[in-house]
Amino acid sequence: MENIRADKKINIKGLVCPYTFVKSKLAIEEMEVGEVLEILLDYPEASRSIPKSMEEHGHTVLKVEKINDKDWIILIRKEHD
Amino acid sequence: MEFTDEQIHRYSRHIILPEVGGKGQKKILQAKVLIVGAGGLGCPVGYYLAAAGVGTLGIVDSDTIELSNLQRQIAHNTERLGMPKADSAKMTFEALNPDVTVIPIKERLTKDNILDIINDYDIVVDGSDNFPTRYLVNDACVLSGKPLVSGAILRFEGQVTTIIPKQGHCYRCLFEEPPPPGLVPSCQEAGVMGALPGVIGALQAMEVLKLILDRGEPLKNSLLIYNALNTSFRKVKVPRRLDCPVCGENPTITELQDYEAEYCQIRF
Ligand SMILES: [Zn+2]
Chain A
28 MENIRADKKI NIKGLVCPYT FVKSKLAIEE MEVGEVLEIL LDYPEASRSI PKSMEEHGHT
88 VLKVEKINDK DWIILIRKEH D
Chain B
52 MEFTDEQIHR YSRHIILPEV GGKGQKKILQ AKVLIVGAGG LGCPVGYYLA AAGVGTLGIV
112 DSDTIELSNL QRQIAHNTER LGMPKADSAK MTFEALNPDV TVIPIKERLT KDNILDIIND
172 YDIVVDGSDN FPTRYLVNDA CVLSGKPLVS GAILRFEGQV TTIIPKQGHC YRCLFEEPPP
232 PGLVPSCQEA GVMGALPGVI GALQAMEVLK LILDRGEPLK NSLLIYNALN TSFRKVKVPR
292 RLDCPVCGEN PTITELQDYE AEYCQIRF
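Protein chains in written order, with my numbering: chain A, 28 to 108; chain B, 52 to 319.
Careful, some of the hints might be misleading.
[Unchecked claim] Okay, the calculated beta carbon distance ranges per label pair:
hint: 1; chain 1: A; residue 1: 58; chain 2: B; residue 2: 266; range: 49 to 57 Å
hint: 2; chain 1: B; residue 1: 265; chain 2: A; residue 2: 58; range: 36 to 44 Å
hint: 3; chain 1: A; residue 1: 41; chain 2: B; residue 2: 74; range: 53 to 61 Å
hint: 4; chain 1: A; residue 1: 34; chain 2: B; residue 2: 246; range: 44 to 52 Å
hint: 5; chain 1: B; residue 1: 147; chain 2: A; residue 2: 41; range: 44 to 52 Å
hint: 6; chain 1: A; residue 1: 34; chain 2: B; residue 2: 300; range: 33 to 41 Å
hint: 7; chain 1: B; residue 1: 145; chain 2: A; residue 2: 58; range: 31 to 39 Å
hint: 8; chain 1: A; residue 1: 59; chain 2: B; residue 2: 288; range: 39 to 47 Å
hint: 9; chain 1: B; residue 1: 281; chain 2: A; residue 2: 44; range: 49 to 57 Å
hint: 10; chain 1: B; residue 1: 290; chain 2: A; residue 2: 62; range: 24 to 32 Å
hint: 11; chain 1: A; residue 1: 40; chain 2: B; residue 2: 133; range: 52 to 60 Å
[Stated by the list, open to error] If you want the ones that stay clear, here's a sample from chain A, every Cβ over 12 Å from chain B, calculated:
hint: 12; residue: 44
hint: 13; residue: 45
hint: 14; residue: 50
hint: 15; residue: 55
hint: 16; residue: 80
hint: 17; residue: 91
hint: 18; residue: 96
hint: 19; residue: 102
If you're looking for bench data, these hints aren't it; they were derived computationally from the structure.
Each residue gets a CB set at the ideal place from its N, CA and C atoms; glycine is no exception.
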């Protein structure tokens, strides 16, 4: 699972739910199937809710990682349009 | 088009839905819907479509606001008595959502103007209160192939149906001709409970949004009947009739006609 290359990166630090997911969803809609989205965020609840919502939408969560005191990185692979 | 930050916030509850998303919301913003009547039904239909971000709303109504309207026509208010309903609706809906352009059309629909008017829109909503308009709108939509979401209310009962010309039924498949004026309830009988058009109008608005998004099953080939006293919904199958005078295989109605019978002189 190491060294997955992201096709697109977004920084949503400072955003709270539901806008964390709204921004992530808008980003993934613009991508091609199979591409990977990297999301950088600092809202703790979103580190759980975004992976859950993305899975409910049928996408694959490749990684959820806390990278420092405040921030997480989430990798999502788009599975369908 | 790209969303502004304000739009992302305004429509976030839509964008989150798998059936809508950013793409669906853009379809809503680009849609053009004509609402016939700014009365009991037209008010909630317009309210919800404006809130949803339907980019262009045409509103046809030639009446002015009267006090007896305000028990159910929620886009208007006491300060606006005497104002044209179409102008009042524009003020209310554009104040709710600046993404929406409301085009007030202060005319009565006739066989001579209706085709030109509906030509500019993707979907038509009928919230009219009389049979001549109801049949005229049905025939015009069938002849021009426009989807029509039709609603009707009386006392404690309401109906909704969605007409996709040639794919499903039309109003004349259901009731071939308008009822003779004597059979229509007189004005004293024609009471309506104020929240009823809210229920039916919201159902119509939902049908319109589904058509814009191309999601779910429209009320095609069926009529939904709501009884407020029993709190019951009944869905009745209404097949398209191949011998329908307007949408059938050999239509006898090939151009529009006006029904001149005025069913009720007193306006509520
Ligand atoms: Zn028909």
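To see whether the hints hold, each was checked on the structure:
1. A:58 x B:266: 49 to 57 Å: Hint violated: Cβ distance 22 Å, outside 49 to 57 Å.
2. B:265 x A:58: 36 to 44 Å: violated (22 Å)
3. A:41 x B:74: 53 to 61 Å: violated (26 Å)
4. A:34 x B:246: 44 to 52 Å: Taking Cβ atoms as reference, residue 34 (chain A) and residue 246 (chain B) lie about 51 Å apart, which means the hint holds.
5. B:147 x A:41: 44 to 52 Å: violated (28 Å)
6. A:34 x B:300: 33 to 41 Å: Distance hint for residue 34 (chain A), residue 300 (chain B) is violated at roughly 53 Å.
7. B:145 x A:58: 31 to 39 Å: holds (35 Å)
8. A:59 x B:288: 39 to 47 Å: holds (43 Å)
9. B:281 x A:44: 49 to 57 Å: violated (41 Å)
10. B:290 x A:62: 24 to 32 Å: violated (46 Å)
11. A:40 x B:133: 52 to 60 Å: Since residue 40 (chain A) and residue 133 (chain B) have Cβ atoms about 54 Å apart, the given range 52 to 60 Å holds.
12. 44: violated (10 Å)
13. 45: The claim is violated: residue 45 (chain A) sits with its nearest Cβ about 5 Å from chain B, within 12 Å.
14. 50: violated (7 Å)
15. 55: It is violated; residue 55 (chain A) is separated from chain B by about 9 Å at its closest Cβ, not greater than 12 Å.
16. 80: At roughly 8 Å from the nearest Cβ of chain B, residue 80 (chain A) sits no farther out than 12 Å, so the non-interface label is violated.
17. 91: holds (20 Å)
18. 96: Answer for residue 96 (chain A): holds, closest chain B Cβ roughly 27 Å.
19. 102: holds (20 Å)
Of the numbered hints stated above, those contradicted by the structure are hints 1, 2, 3, 5, 6, 9, 10, 12, 13, 14, 15, 16, listed in ascending order.
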